[in-house]
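Given chain A, put chain B in place with the hints provided.
2 protein chains.
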Amino acid sequence: MSNMDTLDRKFKTLEAENAPGQEVRQSTGDLKTLVRGEMLDGIPVDFSHGDVNAFEPTPGALEAWQNGYAVGGEQAYTEYRGDAQIRKNLAGRLEKFTGAALSAENELIITPGTQGALFLALGATVTSGTKVAVVEPDYFANRKLVSFFGGKLMPIPLRYQGQTATNGIDLNALEMAFNQGTEVLVFSTPNNPTGYVYSSKTIKAIASLATAYNTTVIVDQLYSRMLYSGEEYTHLRSCATPPKNLITIMGPSKTESLSGFRLGVAFGTAAIIERMERLQAIVSLRAAGYNQAALNTWFAEPSGWMEKRIADHEAIRDDLLRIFRNADLPTATPQAGSYLFPKLPKLVVDLGTFTRLLRFQAKVIVTPGTEFAPQFTNSIRLNFSQDHSAAVGAAHRIVKMVEIYKK
Amino acid sequence: MSNMDTLDRKFKTLEAENAPGQEVRQSTGDLKTLVRGEMLDGIPVDFSHGDVNAFEPTPGALEAWQNGYAVGGEQAYTEYRGDAQIRKNLAGRLEKFTGAALSAENELIITPGTQGALFLALGATVTSGTKVAVVEPDYFANRKLVSFFGGKLMPIPLRYQGQTATNGIDLNALEMAFNQGTEVLVFSTPNNPTGYVYSSKTIKAIASLATAYNTTVIVDQLYSRMLYSGEEYTHLRSCATPPKNLITIMGPSKTESLSGFRLGVAFGTAAIIERMERLQAIVSLRAAGYNQAALNTWFAEPSGWMEKRIADHEAIRDDLLRIFRNADLPTATPQAGSYLFPKLPKLVVDLGTFTRLLRFQAKVIVTPGTEFAPQFTNSIRLNFSQDHSAAVGAAHRIVKMVEIYKK
Numbered sequence: 001m002s003n004m005d006t007l008d009r010k011f012k013t014l015e016a017e018n019a020p021g022q023e024v025r026q027s028t029g030d031l032k033t034l035v036r037g038e039m040l041d042g043i044p045v046d047f048s049h050g051d052v053n054a055f056e057p058t059p060g061a062l063e064a065w066q067n068g069y070a071v072g073g074e075q076a077y078t079e080y081r082g083d084a085q086i087r088k089n090l091a092g093r094l095e096k097f098t099g100a101a102l103s104a105e106n107e108l109i110i111t112p113g114t115q116g117a118l119f120l121a122l123g124a125t126v127t128s129g130t131k132v133a134v135v136e137p138d139y140f141a142n143r144k145l146v147s148f149f150g151g152k153l154m155p156i157p158l159r160y161q162g163q164t165a166t167n168g169i170d171l172n173a174l175e176m177a178f179n180q181g182t183e184v185l186v187f188s189t190p191n192n193p194t195g196y197v198y199s200s201k202t203i204k205a206i207a208s209l210a211t212a213y214n215t216t217v218i219v220d221q222l223y224s225r226m227l228y229s230g231e232e233y234t235h236l237r238s239c240a241t242p243p244k245n246l247i248t249i250m251g252p253s254k255t256e257s258l259s260g261f262r263l264g265v266a267f268g269t270a271a272i273i274e275r276m277e278r279l280q281a282i283v284s285l286r287a288a289g290y291n292q293a294a295l296n297t298w299f300a301e302p303s304g305w306m307e308k309r310i311a312d313h314e315a316i317r318d319d320l321l322r323i324f325r326n327a328d329l330p331t332a333t334p335q336a337g338s339y340l341f342p343k344l345p346k347l348v349v350d351l352g353t354f355t356r357l358l359r360f361q362a363k364v365i366v367t368p369g370t371e372f373a374p375q376f377t378n379s380i381r382l383n384f385s386q387d388h389s390a391a392v393g394a395a396h397r398i399v400k401m402v403e404i405y406k407k
Numbered sequence: 001m002s003n004m005d006t007l008d009r010k011f012k013t014l015e016a017e018n019a020p021g022q023e024v025r026q027s028t029g030d031l032k033t034l035v036r037g038e039m040l041d042g043i044p045v046d047f048s049h050g051d052v053n054a055f056e057p058t059p060g061a062l063e064a065w066q067n068g069y070a071v072g073g074e075q076a077y078t079e080y081r082g083d084a085q086i087r088k089n090l091a092g093r094l095e096k097f098t099g100a101a102l103s104a105e106n107e108l109i110i111t112p113g114t115q116g117a118l119f120l121a122l123g124a125t126v127t128s129g130t131k132v133a134v135v136e137p138d139y140f141a142n143r144k145l146v147s148f149f150g151g152k153l154m155p156i157p158l159r160y161q162g163q164t165a166t167n168g169i170d171l172n173a174l175e176m177a178f179n180q181g182t183e184v185l186v187f188s189t190p191n192n193p194t195g196y197v198y199s200s201k202t203i204k205a206i207a208s209l210a211t212a213y214n215t216t217v218i219v220d221q222l223y224s225r226m227l228y229s230g231e232e233y234t235h236l237r238s239c240a241t242p243p244k245n246l247i248t249i250m251g252p253s254k255t256e257s258l259s260g261f262r263l264g265v266a267f268g269t270a271a272i273i274e275r276m277e278r279l280q281a282i283v284s285l286r287a288a289g290y291n292q293a294a295l296n297t298w299f300a301e302p303s304g305w306m307e308k309r310i311a312d313h314e315a316i317r318d319d320l321l322r323i324f325r326n327a328d329l330p331t332a333t334p335q336a337g338s339y340l341f342p343k344l345p346k347l348v349v350d351l352g353t354f355t356r357l358l359r360f361q362a363k364v365i366v367t368p369g370t371e372f373a374p375q376f377t378n379s380i381r382l383n384f385s386q387d388h389s390a391a392v393g394a395a396h397r398i399v400k401m402v403e404i405y406k407k
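Line order of the protein sequences matches chains A and B.
Everything in the first sequence is counted per the UniProt record's numbering, starting at 1 for the first residue and increasing by one.
Everything in the second sequence is counted per the UniProt record's numbering, starting at 1 for the first residue and increasing by one.
Nothing false has been slipped in among the hints.
If chains are identical, the list can't say which one is meant, so a pair holds when it fits in one copy or spans any two.
Subject to a maximum C-alpha distance of 35 angstroms in a straight line, what follows is the list of computed DSBU-like cross-link-like pairs (lysine-lysine):
1) LYS346 x LYS32
2) LYS406 x LYS343
3) LYS32 x LYS88
4) LYS152 x LYS10
5) LYS88 x LYS363
6) LYS152 x LYS131
7) LYS343 x LYS131
8) LYS406 x LYS12
9) LYS244 x LYS201
10) LYS88 x LYS10
11) LYS308 x LYS201
12) LYS244 x LYS10
13) LYS10 x LYS131
14) LYS406 x LYS32
15) LYS12 x LYS96
It should be emphasised that the hints constitute simulated quantities derived from the structure, not laboratory data.
So here's chain A without its partners, still in its complex pose (with noise of 0.2 angstroms):
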């Protein structure tokens, strides 16, 4: 095989047109030919990603860049890790939250989003033929970082729509995969696109896994802070035998709606970061000077700003999860985060025409749930951080698409 043959096939798997935010660039010129029924009217919402207009960035960030701006060269030219005060200040903080040291000076990066922490953390630990056990459904970029660095998918299945207590990922599949030769362990909790939040006995069963079989950890912990009433969080960083290899993302686009700025942050094991700042160097050299400066409000809100912000999160939730489940769409109990993941019956049309059908008759976006897995033919993501009433109403016209086009 050819070199640009190699690349063909690299890229095939990157496609990124169901992608979340990336419908604008979809056709919609064939769509006309399957309507049925009437065009929808309502406010348009686009729950691909959450509405920072409805839930506005934490209260001092712009002021936080504009004062990053005006220190000028020295915060526009920080380590790569980013700078070090910032860190200095970050890692106190992070300390706190997750119940486990942190040094800011060898163990904390900041980088471009978490997005942008992620690809780091993999392209330190990945490379072609390292075995990578991925949770399914999980965040969407997982899959596609694996593959892209070289790597071999080792699928673990995740329980998410039955009770709490028996929800979670396979722990016999995870440990057959460990001593298959699985390297890495990525997944998400909150789990992105379900909400399910790890238990703390599955954390720890993890840690355990993972030390008995020397296995690197990733885990993805962005929408961790959004905890609604009654749950509980487990910190994998905070077990009291953490994984050796062990790195922990996180950042404030999603809660916080900070995802204009593209700041996150990785933080563990010291070998690792290390690398990740190697690669960054050559990827994008840093994340940007000045919006790192934002990073000075984070876990520094207002008082009651966060339980205020997650209080009115549950309220949609509650509204939403209401309606999906009146109109029989299973759809579990997100514990953390903004997203829902309804099921559909059997329909008329395939899952992508749907999606797009959804957008163009009903002005609603939704991401496939084949973006988190192949499987998930029947299922659809939504980032429910919108206006209130605005997603009300779209959850109504997504549950009369549903039967409109029902086999």
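Positioned in the frame of chain A, the structure of chain B alone reads:
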């Protein structure tokens, strides 16, 4: 060889300790025993990158960012390839500047800095075993990127110390490399670190060879706007028959001092831009949304601003050239950009130690020539986009240090 060994080797080649801007992580503990003579006083100058306090960001960049922030969600979540309207504005200006048509829709991507553009361009065209022609000396990341993607370096020597008319790359070596199966050529013009501008004749020869051998060309034109009096610049993409697969890279980080925004662009062959966007989707999603708005100031600077900026740099260039040449340090005249690459005599310490001594004893940071190809063990690179008198003082200290440590 195990996967872990492969990764160790891969990241060994990405060592960034001597990379520009990373000097702050070096230890100086062992230097005291090597110091000869006195500490040299003066205003500290960091020649590893431009000083955006001495040469401030383009007027209006701050306001453009604030406008972007005020737009909100639409500016935070652009297409991965960047905001459509900003691309449209840019395409017209880049067309005019480079002298060839450009489709905003299909041939242009906005990236996190030109570093981001280079990473995506090489990631889209280089895989395991791809032979890549790399000029020596040239931008330090080119070599590392080829190595990271598993490509094979095909070195092409650049003559830069002679007369302008006889300087240039060895075209016979280039054709031989193409003939031996080289699939990609990457080079910068103006050349980093020497400031050499590829002649019209050489650019045409490259176009013709690339067409004959079907070679993909990635040309880094980051500094092409800062062209000194009497010099001419030829855009590869404006040739009568440009290479079929051609990506041009530029950005506002240098001449315009917008480095703290991390913005770059790549433009050219639609199929490669498409791959670059797919890759960007898993690397960092997009250049920070609000920052993209600062591109509205690019190629739209106030009248006379660019002329003054170039004249100011030319004056610094001339002073530093005089200082180095008077001290018998051979230094090519940069035709564009703000890099100087003086050659040092034999020293009693190796180049790495000398640059660390420069920092410790003379408060001057420079980048060792070995970052640009391993054989440049007796050259140093300076970015002279600095406060004029501080730069002159620092250049005198470099000369003094060379006298002290000369063999």
